[in-house]
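Based on the hints, put chain B in the right spot on chain A.
There are 2 protein chains.
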Amino acid sequence: MARAPYVSFRVRAPDPGRRTTAQDIVDTVVDDVRSGRLPAGSRLPPVRVLEQQLGLSKNTVQSAYDELVARGLLEGREREGIFVAYASIDTDVSVPRVAEPPAFRARPAPPLHAGSFPHGVMSLSAVFVDPELLPRERLSECARAVLHARGLETFYDVHGYGPLREIIAERLRARGMRDVRAANVLLTTGSQQALDVLGRTLAEPRVAIESPVYPGAKLLFESHGHVVTGLRLDPFAGIPLDEWEARLSAARPALLYAVTSYQNPTGYSYTSHELERVLELAERLGFAVAEDDWGSDMLSGSEYRPMLRLLGGAHVLYVNSFTKKLLPSLRVGFLVAHESLIPALLAAKRLSTLGNAWFSEAIVAEFLARAYYDTHLQSLQRELDARYQSCLGILREQMPEGVRWTLPGGGPTLWLEVPRRVNLARLRADLAERRIEIEAAESAFTGEPHLHGFRVSYAFVPPDRLSRALATVGDLLREALS
Amino acid sequence: MARAPYVSFRVRAPDPGRRTTAQDIVDTVVDDVRSGRLPAGSRLPPVRVLEQQLGLSKNTVQSAYDELVARGLLEGREREGIFVAYASIDTDVSVPRVAEPPAFRARPAPPLHAGSFPHGVMSLSAVFVDPELLPRERLSECARAVLHARGLETFYDVHGYGPLREIIAERLRARGMRDVRAANVLLTTGSQQALDVLGRTLAEPRVAIESPVYPGAKLLFESHGHVVTGLRLDPFAGIPLDEWEARLSAARPALLYAVTSYQNPTGYSYTSHELERVLELAERLGFAVAEDDWGSDMLSGSEYRPMLRLLGGAHVLYVNSFTKKLLPSLRVGFLVAHESLIPALLAAKRLSTLGNAWFSEAIVAEFLARAYYDTHLQSLQRELDARYQSCLGILREQMPEGVRWTLPGGGPTLWLEVPRRVNLARLRADLAERRIEIEAAESAFTGEPHLHGFRVSYAFVPPDRLSRALATVGDLLREALS
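Residue numbers (my numbering), protein chains in the order written: chain A, 18 to 499; chain B, 18 to 499.
Careful, some of the hints might be misleading.
[Unchecked claim] Between beta-carbon pairs, the in silico distance windows are: (1) A/Arg264 x B/Ala254: 58 to 64 Å; (2) B/Leu302 x A/Arg437: 37 to 43 Å; (3) A/Glu418 x B/Gly179: 43 to 49 Å; (4) A/Arg188 x B/Arg399: 46 to 52 Å; (5) B/Arg399 x A/Arg29: 49 to 55 Å.
Simulated from the structure, these hints should not be mistaken for laboratory data. Just so you know, even glycine gets a beta-carbon here, dropped at the ideal spot from N, CA and C.
The shape of chain A in the complex, shown without the other chains (with noise of 0.2 Å):
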């Protein structure tokens, strides 16, 4: 059986520059017992552990015990320890208990997909790449590799792994953005956290995002208590330029938050003229850009399309993340910023998680200094177009008149657009009853949603299921809208 918990207890004595005495001891206990700091029936810390929180000799402690066990103040129990008598005190302190409900009294949390998929249900609307195209396999070999070769890290780099950030910058040299150095990167755990540091650091709370936009963003800045101004983007219609513009003069936004290649959830990538207003208003109205460019990577020939930040230059924020394209549960992304803002962001990510586990970043590094990222996003971007071509095939097979999709080009997901009259909750609790899951995107748009549908992700369910998933859809469709 376990002994009794001991009190912990300090010992005061006149001069912290000598050793402690039995005497400093013996009025120490004296005085706590009768001030009610150490309350009766409290066990005493063993000879041995006092002896060396004081950094005593053998017997100091034994002698001091003794002393007060003679004058009735302290009483020996056998194989149990010392105590504090109770014939010799009066006072007692009960221990209390917190009340119930907890003291703590938490913000309402917001709404935000788990990111876990239940077993037997299908999630026609998931973000992530079907992990069957994932190099699960090689990015083992790559950890195998690092414990092989120098095995773990014993501290983190606060601003990320070193080789890691080294690469990233290389590969968006070669992609055009030739200012970008390994100390532009920082290091982040998934895009997610890119976004947390950049909310935190803002001066000036205002924030203009795209509506609809992936709520993680919007509720993000929204609890920061940053005012969030909604860009209405019509993925049939594009962007409309001068609403934007006035909405953007009347807001006045300090950041901008845009995901220009494959918009999440819409799938949509702005045009070229698009881009170029987008930076025309951003130098004319003072505000700052970051592009989150977490689609580009999954789209065949991306290489060749032109970002925010290659046309923007150096004061354009770039989000990226390594979660879809390698494996979720690494959660490395990654923020490009210019130098004279990495301080402040620095500071912020310290605040927030100070560093992050290295391993992940190490075999992120690995995989890439083999050289097997560009093999895999290749065979990934392969096939990720053979599935849009299918799903296309699919939705204008099983889709009745009326439905409506974007046309992305690849990556993982389309925008399913079904006519108003159907009831979006209804069709969803009809889908669920079939264990298939689409995503309720109210909470994308800033205000009454503009466009009525949800994300299909031809990237997370396999063709085969996909075709039959879709079928379903397209038969309730056609119930709701008989």
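Just chain B now, kept in the frame of chain A:
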């Protein structure tokens, strides 16, 4: 040589339910060139890319491009691609450049130690444990075992890796927290993210902290806009409980963040009496308590040491981490909370990082499952005990009169208090010249520092080097005091 980037553009079709035709492409390009959306000299997507994007059969795009070249709107350049012809255009949209200095205005960066240690400089105040004492090899062995048995996991769990949460809960139950289940445990990136999650979740932005305190906690709460009340802690005189009561009654914080065992930076451990008063105040004044228990695992005999969580029950939030005790680069910490708070805390974690790197969590789980942790803690405690004793001996030998130090009883560091007339900035500079670094502790206090000293890390600096460094400190202090 790489070819010019091509523009992305969106082909408009009257009915998205049907396939895009060559005529749709022609119409779109004509419109876009006329409106200036496709500026002269723009490269158009290659035929295969556009076909792929639109899900078209072969040659549809080619025939559209042929038509447009015939009309003089486009021109082919050998080996370069298809471009908008200069001849036919009178509009020109030049690429704007974003202004220097960067439009992104950042909040001032708070100071916080980087967590990495420059070579050749002895960090006398580091809270880290000497890497020689950390189980790097055994952790690598666990990493290899995880890779061998199951390879890398694909998805992350927002809550944290289940098996690790199970083992942590089991260990806490064995320490007397009988109500803790895996569902109460939230894994975090070190304890820093646990504090961040608390800070983000708190409904009423008023926090009380000890002063001095770990600066990363103080700066974090301040960065969330919380009103931070400091509670003076004197490690030589204990906690002025009446003063605390007065300040807490006036400030009415929603949360008290307390490091009750081995307080950072003083090394002070609350007495049982102090723990009980804190709980009594929490109940009476209605504030929640978050206990950061980072130190007790490093103190021998700590399994008997009562914690706030043990005395206060399920409504004391409990924070701990494996960072210092296993390997800093793993970044695995945790937060234990009442089940009613878990949804809000999870939501805050999601906004921060969604989920964390799985592999680190799996390595720690394997290490704990193999019962390596207890063996490791025993030998770590033994070594830290010996280093503590040795440090006390060195201090008694080397420090001039008037210098005092705390007696934490083991663990990694103690607080060295020097007379007020020593100029600490000067001392720091003189030591830096001799390649010895001591931490500036000013940012650890909420107001004017009532202590005048710094942390001495016997855990990080091996005894022989510690002896030389403290001899230097002693010499400089004697000089300053003479």
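Hints, one by one, checked against the model:
no. : hint                            : result
1   : A/Arg264 x B/Ala254: 58 to 64 Å : holds (60 Å)
2   : B/Leu302 x A/Arg437: 37 to 43 Å : violated (54 Å)
3   : A/Glu418 x B/Gly179: 43 to 49 Å : holds (47 Å)
4   : A/Arg188 x B/Arg399: 46 to 52 Å : holds (48 Å)
5   : B/Arg399 x A/Arg29: 49 to 55 Å  : violated (28 Å)
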